[in-house]
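Taken in sequence, the protein lines are chains A and B. Final position of the first sequence in my numbering is 295; the numbers increase by one with none missing. Final position of the second sequence in my numbering is 341; the numbers increase by one with none missing.
Hints in this document: simulated from the structure, not taken from any laboratory. Hints may contain errors.
Said to hold, decoys possible - Take a look, some chain A residues computed to stay more than 12 angstroms from chain B by CB distance: (1) ARG143; (2) PHE146; (3) LEU173; (4) TYR178; (5) PRO184; (6) VAL189; (7) LYS233; (8) THR237; (9) ASP246.
What the hints assert, rightly or not - Chain A regions said to be covered by chain B (calculated; three or more residues, Cβ under 8 angstroms): (10) 103-114; (11) 126-138; (12) 151-157; (13) 263-271; (14) 282-289.
What the hints assert, rightly or not - Listing some non-contacts, in silico: residues in chain A with all C-beta distances to chain B over 10 angstroms: (15) LEU81; (16) SER91; (17) PRO123; (18) THR236; (19) VAL274.
No residue lacks a Cβ here, since even glycine has one placed at the ideal position from N, Cα and C.
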Amino acid sequence: MKIVILAKPVPDATGQERLGPDLRLDRAAIPPVINGNDEYVLEAALRLRDAGADVSVTLLAMAGAFGPDALRKGLAMGADDAYLITDPALAGACALDTTRVLAAALRRLEFDLVLAGVDSSDGGGGIVPAGVAALMGLPYLSYASAIVPEGGRVRVRRISPTGYDLLEAAMPALVVGTQALGEPRYPTLRGIMGARSKTITTWSLADIGLDAAAIGGEPTTTRVRSVRSPEARGSVRVVREPATVAATQIVDFLVERRAI
Amino acid sequence: MPGTLWVIAETGADGRLARISAEVATLARGLGADAGRDVAGVVVAPPGIAAGAAEELAAFLPRVLAVEAPAAATSPAGVVIATAVARMVSGDPSACLLVGASSDGRDVAGFLAAMLGVGVLTNAAAITWDGGPIVEKGVFGGRLVTTSELAGGAGIVTVALGSVTAEAAPAVGRVEMVALPDGAPSGTPAADLPEAPPVTVLERVVEAAGAVQIEEAKIIVAGGRGMGSADGFRVADELATELGGAVAASRAAVDAGWIPYSRQVGQTGKVVKPEVYVALGISGAVQHKVGMQGASTIVAINTDSDAPIAEFADMFVIGNLFEIVPALVAELRARRT
Chain A
36 MKIVILAKPV
46 PDATGQERLG
56 PDLRLDRAAI
66 PPVINGNDEY
76 VLEAALRLRD
86 AGADVSVTLL
96 AMAGAFGPDA
106 LRKGLAMGAD
116 DAYLITDPAL
126 AGACALDTTR
136 VLAAALRRLE
146 FDLVLAGVDS
156 SDGGGGIVPA
166 GVAALMGLPY
176 LSYASAIVPE
186 GGRVRVRRIS
196 PTGYDLLEAA
206 MPALVVGTQA
216 LGEPRYPTLR
226 GIMGARSKTI
236 TTWSLADIGL
246 DAAAIGGEPT
256 TTRVRSVRSP
266 EARGSVRVVR
276 EPATVAATQI
286 VDFLVERRAI
Chain B
5 MPGTLWVIAE
15 TGADGRLARI
25 SAEVATLARG
35 LGADAGRDVA
45 GVVVAPPGIA
55 AGAAEELAAF
65 LPRVLAVEAP
75 AAATSPAGVV
85 IATAVARMVS
95 GDPSACLLVG
105 ASSDGRDVAG
115 FLAAMLGVGV
125 LTNAAAITWD
135 GGPIVEKGVF
145 GGRLVTTSEL
155 AGGAGIVTVA
165 LGSVTAEAAP
175 AVGRVEMVAL
185 PDGAPSGTPA
195 ADLPEAPPVT
205 VLERVVEAAG
215 AVQIEEAKII
225 VAGGRGMGSA
235 DGFRVADELA
245 TELGGAVAAS
255 RAAVDAGWIP
265 YSRQVGQTGK
275 VVKPEVYVAL
285 GISGAVQHKV
295 GMQGASTIVA
305 INTDSDAPIA
315 EFADMFVIGN
325 LFEIVPALVA
335 ELRARRT
């Protein structure tokens, strides 16, 4: 079974972001990592292989400025190879462009399952995978807490507001997974060493049959007008008192704020 | 009328209109008045549910279209809603579509963007109007706020929970039942898209822990690593009961298996916007902050005086939660009598 993971390089959440003159993220200025939610679906794919299934795992990433560094960790975790679509025209690509680019790249790969994380730690829109499924005519199974491929079909537990829905579709299919799939593994030393000899193929827009003039650059559908810091919350009231005194102060505070 | 503002509604497991849809409708009504645009709602749901939910939505909007879609009973809602809406709006390239940034709403927005070939702005915390929707949202865990627009003022916006307080319109709107032909609308990118094989819902399972929806709670008591064990969550339960709130958790507590994932607040869990958020033994990493910073009042109790949550709490109590919370419960009871 062939599994492709949509892995988004994002700025490290612990770092400081910088914005470029177009008010979009200056992605060259920050060391990238694989989006945390994408690591959960990578882990899910690797567990299928650990369980004895014949599984190949390919990472597919799109990035304007980021190089392949972010993908090395995924390869060290156990992915077999990676494809990176990178093109100067992709800087500032909107969600629709991103969707079109990923779909064009997937058409050049063989797969039974495409797995994606539920959203990204930078923009957090969570809309690209559904668009990719729509463009490619793939069954779309989202918010998965369990993914079970078997006999040409895939079953997914989709988290619902009150429990879960058990979904089923024929493969190839696109599944969006959540943290409930289970904690991603840390790369082992052997994995890190092994990752050095794994192949990261770089594709330009032309390589996947897209016209750079029609994608990215001047963003096609959305534009950032301005950026500011959020309003600061009021000053914090610090309490360091014995428990009963602290309890009284908390209740007084909640009453004062008309919160209870 | 061209340029209509559409509110795409969703229904809950109980078949009722979702809270977030009432909020989106309230927001859209205000935008419509500012922009001089028509505002209409659309409910796509199984027969027997669509009409009732549409009546509920009509409390907020002048006009609501109800589409009975049998497929919504046996397939995930996202693709069914998106296909119906794409057909309804395909003749109006200046339309603006607003939908909640919930699981189903995000699926709808993703499908519709590809089907209609339009732009999407996501997770709007606030929207104003200037030739089109102007959207404010927090990015990078709320460290920055961006203001963005759609090219040409048309496209899709997903709206975060709690953007406004739902408020009924002065007059109840009218509901129209609409029958839609099957298949993709012509004249849009959707007409050329390959048709996906179906996704079937085999079973819908209600779990006990899922019966409480933390997104709906006005008061949340959340526990983190400092709870120490599943047993430790008893004090959180007691406080939540006393306050009439719901118990939630940080990722650390969920990963430790002390409480189910459905209760997790944060980047990989749920985004909540209660009136009061009491954080017990939660350090306040940015991944947690992004899920709860919209709370009106944040009270944090932590033994670590350097915990990052001190930077965005309204009250930061340094001390042992297992001493303070029981005292707090006792104090609340004493004041009640």
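Evaluation of the provided hints:
Every beta carbon of chain B lies more than 12 angstroms from that of ARG143(A), the smallest distance being close to 16 angstroms; the non-interface claim holds. Against the 12 angstroms criterion, PHE146(A) stays outside the reach of chain B, whose nearest CB is about 15 angstroms from its own CB. Its closest Cβ contact with chain B, about 6 angstroms, brings LEU173(A) to no more than 12 angstroms, contrary to its assignment away from the interface. The claim that TYR178(A) lies off the interface is violated: its Cβ sits roughly 5 angstroms from the closest Cβ of chain B, which falls inside the 12 angstroms cut-off.
For PRO184(A), the requirement that its beta carbon stay farther than 12 angstroms from each beta carbon of chain B is met, with the minimum near 14 angstroms. At roughly 10 angstroms, the least C-beta separation between VAL189(A) and chain B is not larger than 12 angstroms, which violates its mark as non-interface. With 12 angstroms as the threshold on Cβ separation, the claim that LYS233(A) sits away from chain B holds: the shortest Cβ distance comes to roughly 27 angstroms. Listed as outside the interface, THR237(A) is consistent with that label: its C-beta sits roughly 26 angstroms from the nearest C-beta of chain B, beyond the 12 angstroms cut-off.
With a least beta-carbon separation of about 15 angstroms from chain B, ASP246(A) lies farther than 12 angstroms from that chain, consistent with its non-interface assignment. With 0 residues having a beta carbon nearer than 8 angstroms to a beta carbon of chain B, the region 103-114 of chain A misses the requirement of three or more and the stated coverage is violated. Coverage of the region 126-138 of chain A by chain B holds. Counting CB-CB distances below 8 angstroms, 4 residues qualify, and the rule asks for three or more. Here's how the region 151-157 of chain A fares: 4 of its residues keep a CB closer than 8 angstroms to some CB of chain B, so the rule of at least three is met and the hint holds.
For the region 263-271 of chain A, the stated coverage by chain B holds: 6 residues have a C-beta nearer than 8 angstroms to a C-beta of that chain, and at least 3 were required. By the rule of at least three residues with a Cβ nearer than 8 angstroms to a Cβ of chain B, the coverage given for the region 282-289 of chain A holds, with 7 such residues. Once the 10 angstroms rule is applied to beta carbons, LEU81(A) is consistent with being away from chain B; the minimum gap is 18 angstroms. The Cβ of SER91(A) lies farther than 10 angstroms from every Cβ of chain B, with a closest approach of about 23 angstroms, so its non-interface assignment holds.
Every CB of chain B is more than 10 angstroms from the CB of PRO123(A) (nearest about 21 angstroms), matching its label as outside the interface. Distance check on THR236(A): its Cβ is at least 25 angstroms (rounded) from any Cβ of chain B, clearing the 10 angstroms threshold; non-interface status holds. A Cβ of chain B approaches the Cβ of VAL274(A) within 10 angstroms, the least distance being about 4 angstroms, so the stated non-interface status is violated.
Going down the numbered hints, you'll see the structure goes against 3, 4, 6, 10, 19, while the others check out.
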